[in-house]
Amino acid sequence: MYRSIRRQDRQIHRDEALAILRQGFYGILSFMAEDGCPAGIPLNYTVDGSGEAIYFHHAPEGLLPDSLARDPRVCFTVVACAEALPEAFSTAYESVLARGTTVPVAGEEKREALMSLCLKHRPGGDEAAASYVAKGIDGCIVYKITVENLCGKRRKK
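Count along the sequence shown from 1, then add 45; that gives the number in the working numbering.
It should be emphasised that the hints constitute simulated quantities derived from the structure, not laboratory data.
All C-beta atoms in this analysis are idealised placements derived from N, C-alpha and C, irrespective of residue type, glycine included.
Possibly wrong hints are sitting among the right ones.
As the list claims (entries may be wrong) - In silico DMTMM-like cross-links for lysine to aspartate or glutamate, where the CA-CA straight-line distance does not exceed 20 Å: (1) K180 with E157; (2) K189 with D93; (3) K201 with D60.
Said to hold, decoys possible - Label-pair ranges, simulated between beta-carbon atoms: (4) P110 with E132: 42 to 48 Å; (5) R115 with Y71: 34 to 40 Å; (6) A127 with A173: 39 to 45 Å; (7) E61 with G107: 32 to 38 Å; (8) D111 with D60: 33 to 39 Å; (9) M77 with S135: 39 to 45 Å; (10) A84 with F134: 25 to 31 Å; (11) D171 with A133: 20 to 26 Å; (12) L108 with D60: 23 to 29 Å; (13) Q68 with E153: 22 to 28 Å.
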C-alpha cells in the first residue's frame with residue numbers, strides 16, 4: 046500500500062522513528078483541503094503509549110475540521126536535529142513520516158490526550174494541567190491519528 050523509502054541507506058528502524066516522534070514537540074500535519082488542494086499546518090502533538098496513535102487538538106471550526114470531515118487521511122511529519130552541511134550542499138537530519146486516518150475523540154480519551162499534551166510541555170505540572178484541561182476541554186476538538194505507516198530517515202554528518 047505504501048511505497049518504500051527510496052534512500053534505503055538512510056532509513057532507520059521503526060523503534061528509532063518512534064523515539065524521534067515521541068521526542069518532537071511539533072510537526073506538520075498535511076491533509077487535503079476541502080477545495081482539493083493539499084494543505085499543511087504546524088501543530089503540537091502527543092503520542093500514545095503504544096506509538097500507534099498521535100493526538101492533536103484544534104478549534105472546532107475552520108479549514109482543518111471541515112477538511113478532515115470530508116477526507117480523514119493525513120500525513121504527519123516531524124524533523125529533528127536538522128543541521129546545514131554547507132560544504133556538502135546538504136543537511137544532516139532525522140525525520141519521521143506517519144501516515145494514517147483521523148477521527149475526533151471524546152470523553153476520557155479526549156481528556157487523557159489533552160493531559161498528555163499539557164504534560165509534554167510542562168512535566169510534573171499535573172494540577173495545573175488538570176485545571177487547564179477542565180476549563181478548555183469543551184472548546185476544542187481532539188483528533189486521533191491511527192498510524193498506518195511509520196517510517197524514518199537519518200542523514201549523518
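These are the hints, each one checked on the structure:
1. K180 with E157: Roughly 14 Å between the alpha carbons, so the hint for K180 and E157 holds.
2. K189 with D93: Cα-Cα ~10 Å, so holds.
3. K201 with D60: Given that 20 Å is the threshold and the Cα spacing comes to 18 Å, the pair holds.
4. P110 with E132: 42 to 48 Å: Since P110 and E132 have Cβ atoms about 45 Å apart, the given range 42 to 48 Å holds.
5. R115 with Y71: 34 to 40 Å: 25 Å, violated
6. A127 with A173: 39 to 45 Å: Violated: the Cβ-Cβ distance is about 32 Å, outside 39 to 45 Å.
7. E61 with G107: 32 to 38 Å: 34 Å, holds
8. D111 with D60: 33 to 39 Å: 36 Å, holds
9. M77 with S135: 39 to 45 Å: 31 Å, violated
10. A84 with F134: 25 to 31 Å: 30 Å, holds
11. D171 with A133: 20 to 26 Å: 45 Å, violated
12. L108 with D60: 23 to 29 Å: 35 Å, violated
13. Q68 with E153: 22 to 28 Å: Given a distance of about 26 Å, which is inside 22 to 28 Å, the answer is holds.
In this structure, the earlier hints numbered 5, 6, 9, 11 and 12 are contradicted, and the remaining ones agree with it.
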